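J.: Here is how the chains run, residue by residue.
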Amino acid sequence: MPFALLIDLTTCVGCGECRTACQNAHGFPEVEIQKLTANNFTYLEEKEDLYIRRMCQHCEEPACASVCPVGALYKTSAGPVNYDADKCIGCRYCMLACPFDVPSYEWDSINPRVRKCTMCYDERTSKGEATACSEACPAEATLFGERSDLIAEALTRINDDPDSYVPKIYGQAEAGGTSVLYISSVPFEELGFKSTLGYEPLPDKTWDVLSKLPNVVVTAGVMVAAVYWITNRRSEVMEFNEAVKADDHRKNNGREK
Amino acid sequence: MMKISMPKLTVWKIVATLFITGAAIVTFRRFFYGLGETTNLSDAAPWGLWIGFDVVTGVGLAAGGFTLCGIVYLFNLKRFKPIVRPAILTAFLGYMLVIVGLMFDLGRPWAIWHAIIMWNPHSVMFEVAWCVMLYTTVLALEFSPVLLERFKLHKTLKIIKAITIPLVIAGVLLSMLHQSSLGSLYLIIPQKMHAFWYSPMLPVFFFVSAIAVGIGMTVIEAYLSSRAFKRTLETPLLYELSRIMIGVILVYATMRVLDLAEKGLFASILNGSLESNMLLLEFALFIIFPVALFTFKQIRKTRLGLFLISISVVLGFVANRLNVTTTSLDAYFGGVYFPSVEEFILTGGIITAGFWLFSLAVKHLPIFPDEHLDNEEIIIDVTSIRTVSSKPMQV
Numbered sequence: 001m002p003f004a005l006l007i008d009l010t011t012c013v014g015c016g017e018c019r020t021a022c023q024n025a026h027g028f029p030e031v032e033i034q035k036l037t038a039n040n041f042t043y044l045e046e047k048e049d050l051y052i053r054r055m056c057q058h059c060e061e062p063a064c065a066s067v068c069p070v071g072a073l074y075k076t077s078a079g080p081v082n083y084d085a086d087k088c089i090g091c092r093y094c095m096l097a098c099p100f101d102v103p104s105y106e107w108d109s110i111n112p113r114v115r116k117c118t119m120c121y122d123e124r125t126s127k128g129e130a131t132a133c134s135e136a137c138p139a140e141a142t143l144f145g146e147r148s149d150l151i152a153e154a155l156t157r158i159n160d161d162p163d164s165y166v167p168k169i170y171g172q173a174e175a176g177g178t179s180v181l182y183i184s185s186v187p188f189e190e191l192g193f194k195s196t197l198g199y200e201p202l203p204d205k206t207w208d209v210l211s212k213l214p215n216v217v218v219t220a221g222v223m224v225a226a227v228y229w230i231t232n233r234r235s236e237v238m239e240f241n242e243a244v245k246a247d248d249h250r251k252n253n254g255r256e257k
Numbered sequence: 258m259m260k261i262s263m264p265k266l267t268v269w270k271i272v273a274t275l276f277i278t279g280a281a282i283v284t285f286r287r288f289f290y291g292l293g294e295t296t297n298l299s300d301a302a303p304w305g306l307w308i309g310f311d312v313v314t315g316v317g318l319a320a321g322g323f324t325l326c327g328i329v330y331l332f333n334l335k336r337f338k339p340i341v342r343p344a345i346l347t348a349f350l351g352y353m354l355v356i357v358g359l360m361f362d363l364g365r366p367w368a369i370w371h372a373i374i375m376w377n378p379h380s381v382m383f384e385v386a387w388c389v390m391l392y393t394t395v396l397a398l399e400f401s402p403v404l405l406e407r408f409k410l411h412k413t414l415k416i417i418k419a420i421t422i423p424l425v426i427a428g429v430l431l432s433m434l435h436q437s438s439l440g441s442l443y444l445i446i447p448q449k450m451h452a453f454w455y456s457p458m459l460p461v462f463f464f465v466s467a468i469a470v471g472i473g474m475t476v477i478e479a480y481l482s483s484r485a486f487k488r489t490l491e492t493p494l495l496y497e498l499s500r501i502m503i504g505v506i507l508v509y510a511t512m513r514v515l516d517l518a519e520k521g522l523f524a525s526i527l528n529g530s531l532e533s534n535m536l537l538l539e540f541a542l543f544i545i546f547p548v549a550l551f552t553f554k555q556i557r558k559t560r561l562g563l564f565l566i567s568i569s570v571v572l573g574f575v576a577n578r579l580n581v582t583t584t585s586l587d588a589y590f591g592g593v594y595f596p597s598v599e600e601f602i603l604t605g606g607i608i609t610a611g612f613w614l615f616s617l618a619v620k621h622l623p624i625f626p627d628e629h630l631d632n633e634e635i636i637i638d639v640t641s642i643r644t645v646s647s648k649p650m651q652v
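Going down the list, the protein sequences come from chains A and B.
Using the numbering used here, the letters of the first sequence map in sequence onto residues 1 to 257.
Using the numbering used here, the letters of the second sequence map in sequence onto residues 258 to 652.
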């Protein structure tokens, strides 16, 4: 059931219908900004004669959700990474941790929220409906569907026309995989896609440490208690020896043995 | 006894008043106009000075509490007991101020309690939040004897004294957890941080350097308090503490150098980039100066010398934490972040509040051992020994 988006950079004509649909769906001002903001969840960047659609990648194992201390960001079973503003305490660790630098913040609000694409979770995808952007796309450049189906579709498109595509689905495995997939005619690193993320989910890096902590605490606790017992016992023994000495001293009427 | 030279105090008072007034204005603007208005933070640089200094560095500077408690109660080195109370006081005030600083930085500070009921055990921040909560409670209990003595609540005092050791053990374990976890916060962004500072060893580095700076802060307090309040602490004690600190720093230095060697970064240490200069500054202040100064007998045997060594350690520690939290990310952030004037003023105000509360506590509460009290204890000891040894004479 996990849904995903497949973005085919070769068929995108740069009309911007996806952006407009997104802005309308969320009640954002209809403006063309070349970055993700609290009021703009997607934009088109022109590079190498291609239009590249930037948006939240909806990681399979999202760093933002893993670092959130209160679970305000969470991966839904339907695929999207959603946000619950009522839980958020505003630490902005999600923004620091996101490998794609996606979340934005309402810096000028006194009750600020983290803002990012939710893949229309509340309005559409939770009910199995397609996202506003994919519905609006006239060129079949943003496809909505189940992730496995979209990977199959991407492979078909690449195999049917190997000259028009680089043999790679960006997002299939990057940082543990994402729910937004891309295929392209130009190598992804030349288009500004992050190419140094590796294929391991980033949350593993902290979980490697966090999962060891219970053992560390028990071991350190035993060691610390042992140190206390030894040093304390040592001073007890010293005190006892001195008392014995004093006792001997008394028994011998003040004379040495 | 309490005659303090007036002109010096006046200068400090003016600076303090300016900072506190400034911080009050920033407080108003921060909570009525938002973070965007008062800070230079942005989507590109979501964490700045308030997290980097007020929280991450602040927790480290308050590490003297668990370090001294461990030395005195667990390693049973009772001769350091006179410095335990000021160390606990600093730690307690330090954690309170960290929480204050955090309230400014959090976008929704009124929701901070959410971490108590909304759990995410996969989050390092969640673990830090719990440890800081629990450890601040431990510190409050460890500090309570001072108040209980002051207000002569002897029954409660007895209960607290009975649980001293469990409290100390809990304090050491909690500190170990969250001091290191402040480093673990950064493990999830290997691709964003400069290689000088990103290391899977970050939690270990953070913990070991916190021990060193905890001792350094204690030496500084002991020195300053003895000047301002005419309380004396013996130089040999400060020397011994400093020696432990230098030992810890040498362990830390070895690990850092090995880490840099493993990453093959020696060549780029001297390449003159912002990062390399900041790394050199950090190493000079935290490792090279203190260790070099400590090798001179004329320096390590004087109070002033030991004080200066500790000042260098503290500055080096601050440099390290700011490097990890800010310098290492500068290139990735695209050089867009430098703290705003208001960010600096609030941080200055929080530091000022720390000094002010510390001096207030020392003046009105039994923090430092009274000299005549010390003498009394010695007399009691001598009499008890005499009673034992004089008994045979009577037989």
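These aren't lab readings, by the way, just hints derived from the structure by calculation.
In this text the structure is predicted, and so the values were computed from the model without any measurement.
Incorrect hints may have been included.
Here are the simulated distance ranges between beta carbons [unchecked claim]:
| # | chain 1 | residue 1 | chain 2 | residue 2 | range |
| --- | --- | --- | --- | --- | --- |
| 1 | B | Val514 | A | Asn111 | 42 to 50 Å |
| 2 | A | Asp204 | B | Leu614 | 12 to 20 Å |
| 3 | A | Asn111 | B | Phe332 | 21 to 29 Å |
| 4 | B | Ala397 | A | Arg234 | 45 to 53 Å |
| 5 | A | Glu239 | B | Lys415 | 16 to 24 Å |
| 6 | A | Ala85 | B | Asn333 | 45 to 53 Å |
| 7 | A | Ala226 | B | Ala397 | 25 to 33 Å |
| 8 | A | Lys47 | B | Ala301 | 18 to 26 Å |
Here a beta-carbon is modelled for each residue, glycine too, at the ideal position from N, C-alpha and C.
J.: Confirm or reject each hint.
T.: Cross-check of the supplied hints:
| no. | hint | result |
| --- | --- | --- |
| 1 | Val514/B / Asn111/A: 42 to 50 Å | 47 Å, holds |
| 2 | Asp204/A / Leu614/B: 12 to 20 Å | 42 Å, violated |
| 3 | Asn111/A / Phe332/B: 21 to 29 Å | 49 Å, violated |
| 4 | Ala397/B / Arg234/A: 45 to 53 Å | 31 Å, violated |
| 5 | Glu239/A / Lys415/B: 16 to 24 Å | 22 Å, holds |
| 6 | Ala85/A / Asn333/B: 45 to 53 Å | 52 Å, holds |
| 7 | Ala226/A / Ala397/B: 25 to 33 Å | 27 Å, holds |
| 8 | Lys47/A / Ala301/B: 18 to 26 Å | 20 Å, holds |
The structure shown violates the earlier hints numbered 2, 3 and 4.
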